[in-house]
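So you can see what is in the structure, the chains are spelled out below.
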Amino acid sequence: MADLMYIDSYFKGEFTREQNGEFEQKIKDDPGFAEEVAFYCSSMQVLKNQAAEEKKIRFRKLYEETKQEHRVKSLGIRKIWPYVAAAAVITGVIFGLYLYFQPASLQQVTDQFMKKEFETEMGVKMAGSTDSLDAAAHLYNENKLTEALAQYEKIIQSGNNTELPKRMAGIVSLRLGDYDKAIEYFSQVENLSSYSNRGKLYHALALIKRNRTGDKELAKQILEQVIEKNLEGKKDALKWKELL
Amino acid sequence: MNNARGSLSSTDQQLIDDLRQEGAVRRKGEDQLFTTYAYLIGEGMRKYSLVEDEAFDAYSDTILSAIDNIRNGSFEGRSTLKTWLCQVFYNKCVDLLRKRSTNKNRVYQTASIDDMLLQLSDSGKSVIQNLIDRSDQDLLKQKLNELGDNCRQLLTLSADGYSDKEINSLMEYKTADVVKTSRLRCLEKLRQLYKRP
Chain A
238 MADLMYIDSY FKGEFTREQN GEFEQKIKDD PGFAEEVAFY CSSMQVLKNQ AAEEKKIRFR
298 KLYEETKQEH RVKSLGIRKI WPYVAAAAVI TGVIFGLYLY FQPASLQQVT DQFMKKEFET
358 EMGVKMAGST DSLDAAAHLY NENKLTEALA QYEKIIQSGN NTELPKRMAG IVSLRLGDYD
418 KAIEYFSQVE NLSSYSNRGK LYHALALIKR NRTGDKELAK QILEQVIEKN LEGKKDALKW
478 KELL
Chain B
3 MNNARGSLSS TDQQLIDDLR QEGAVRRKGE DQLFTTYAYL IGEGMRKYSL VEDEAFDAYS
63 DTILSAIDNI RNGSFEGRST LKTWLCQVFY NKCVDLLRKR STNKNRVYQT ASIDDMLLQL
123 SDSGKSVIQN LIDRSDQDLL KQKLNELGDN CRQLLTLSAD GYSDKEINSL MEYKTADVVK
183 TSRLRCLEKL RQLYKRP
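Top line first, the protein sequences correspond to chains A and B. This note's numbering applies: residue 238 is where the first sequence begins, and numbers increase by one. This note's numbering applies: residue 3 is where the second sequence begins, and numbers increase by one.
If we strip away everything but chain A, and leave its shape as in the complex, we get (with noise of 0.2 Å):
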């Protein structure tokens, strides 16, 4: 009793150092006594394995409580995953023939009319000409916008009042984002007499692209015009109008 009283002082980190090492000198010197730990460490071993078959059987006993519970949550994932996954099949197909078959919004209309009607290549002179007008529209071609921009107001202020230079200035506002000056440039080519004028339908898609507060009803009553007179772009003006 008194060994094992002593063995377990150490075992539990109760002895100083100078304690530690006459502990360990007397497992050398007294054969007996090391039996003694020997037989310490063992139990300790058996008694710590019969504690964890214990909690073992704690916790068979806890799972068999909560088994249905677990089983759930294992399989619950598992089972539920096709219809899931079917689910999300379906909900990706509707949406996908929604996008393709819902109408296409007016400025989805306008933007591609946009693409196809000023993104094409503006017509030059042969090669060897110094005609501004032609320098606009290289500098236009190569989408140089700012560049074209400032040549063709070049031209404008030179006093040249033709369809042209006004229209391209107005064109290009557009695509630079300069709806006041778009507008204000599609407002004169609609007033100048010129053939396939598409001043006004312009000025619509302008007002259309800037959006403010009476844009559209302006946008609505010009596109009206272009259509009662039989204007250049009604076949585009009539679409617009019914989406607006």
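Rather than coming from a laboratory, the hints here were simulated on the basis of the structure. Using N, Cα and C, we set each Cβ at its ideal position, and we do this for glycine too. Hints may contain errors.
[To be verified] Below are the DSS-like pairs computed for lysine-lysine, each with C-alpha atoms no more than 27 Å apart in a straight line:
| hint | chain 1 | residue 1 | chain 2 | residue 2 |
| --- | --- | --- | --- | --- |
| 1 | B | Lys-30 | A | Lys-298 |
| 2 | B | Lys-145 | A | Lys-249 |
| 3 | A | Lys-293 | B | Lys-145 |
| 4 | B | Lys-30 | A | Lys-293 |
[Stated by the list, open to error] Just a sample of chain B residues kept apart from chain A, beta carbon distances all over 12 Å, derived:
| hint | residue |
| --- | --- |
| 5 | Gly-25 |
| 6 | Leu-35 |
| 7 | Thr-85 |
| 8 | Asp-97 |
| 9 | Asn-152 |
| 10 | Tyr-175 |
| 11 | Glu-190 |
Use these hints to put chain B onto chain A, whose structure you have.
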């Protein structure tokens, strides 16, 4: 003990704190840790084709190992409890598959004797290790069952890391000193039973 490092949720941290306590709080923590992730038993059955008892054994061993590692500070909280437990559990499932034909019902070895002998110097350790190798663990286990419930519970709690003070409150002794005396008497009784021819 090492502190958790930020990968842990407040629930994980609470669980770890409970497991590092003693007595009823620790026991509650052990039960909660077991039940929180017990759905892994189903995962073991499904992913590794284990029968329920095998998956239960692997999971119980995982939890016992986790409790030890949390209590001794080996678990540093670098991952969430779930990630860590899953890894340990899946490794145990794989081990179980490998050992299926040899040793089905081996109980988790809570602490190896090596751990206990760490305190000894090399020369002392080798003397004790040789003696332990010659001891009869099965006989010791058998004699432990002859001790009586009270003694066995007292010794088991002590071996499981409960202090005499904790055992005093759990088993309603008068003082911690009485626990210590009773515990050593029980150990002495076990020794006599073991040594008896």
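Please flag the earlier hints that this structure goes against, numbers listed from lowest up.
-> 6, 11
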